[in-house]
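Whenever a hint applies, use it, and build me the whole structure from the sequences.
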Amino acid sequence: MLRIIHSGLLLFVVFMGIKQGYGMISGSPEIVKMLEDLSFNKTEILLFGIVTLIGAILILHPKTFFMGNLIMGATIVLLIFLQIQNQNIKGAVIEIPFLLMNIILVYWKYPFSKVLLN
1 MLRIIHSGLL
11 LFVVFMGIKQ
21 GYGMISGSPE
31 IVKMLEDLSF
41 NKTEILLFGI
51 VTLIGAILIL
61 HPKTFFMGNL
71 IMGATIVLLI
81 FLQIQNQNIK
91 GAVIEIPFLL
101 MNIILVYWKY
111 PFSKVLLN
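Position 116 (the sequence shown) corresponds to 116 in this note's numbering; numbering is contiguous.
Do not rely on the hints blindly, as some may be mistaken.
As the list claims (entries may be wrong) - Here are the simulated EDC-like cross-link-like pairs (lysine to aspartate or glutamate), alpha carbons at most 16 Å apart as the crow flies:
1. Lys19 / Asp37
2. Lys109 / Glu95
3. Lys33 / Glu44
4. Lys90 / Asp37
These aren't lab readings, by the way, just hints derived from the structure by calculation. Just so you know, these numbers come straight off a predicted model, no measurement behind them.
Below is the structure:
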């Protein structure tokens, strides 16, 4: 049962990372508006989207699982700090569950390692 929850959490985190990263790269209006409110310019939004997308993809492979979670966690922490700096506490609080998901994934380790490495 825990393995199913763990696998589902991994897939959800990867899906959200790819969705957000692609949204930044493609210029999704709501994501661009949020990041422009945090003083990001178009180039920074594009680079942030690429980093987010890479982090999400790295989570899928067991050898890059930790690094992918580290990248995703760092981007979320950056967003939290920028939200607090702009006095948007609600926006910062919304990001906290996503950070916790990455921390839980790192704690539980890669769920498919026995399946893929044996």
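Hint check:
no., hint, verdict
1, Lys19 / Asp37, "violated (20 Å)"
2, Lys109 / Glu95, "violated (22 Å)"
3, Lys33 / Glu44, "holds (13 Å)"
4, Lys90 / Asp37, "holds (14 Å)"
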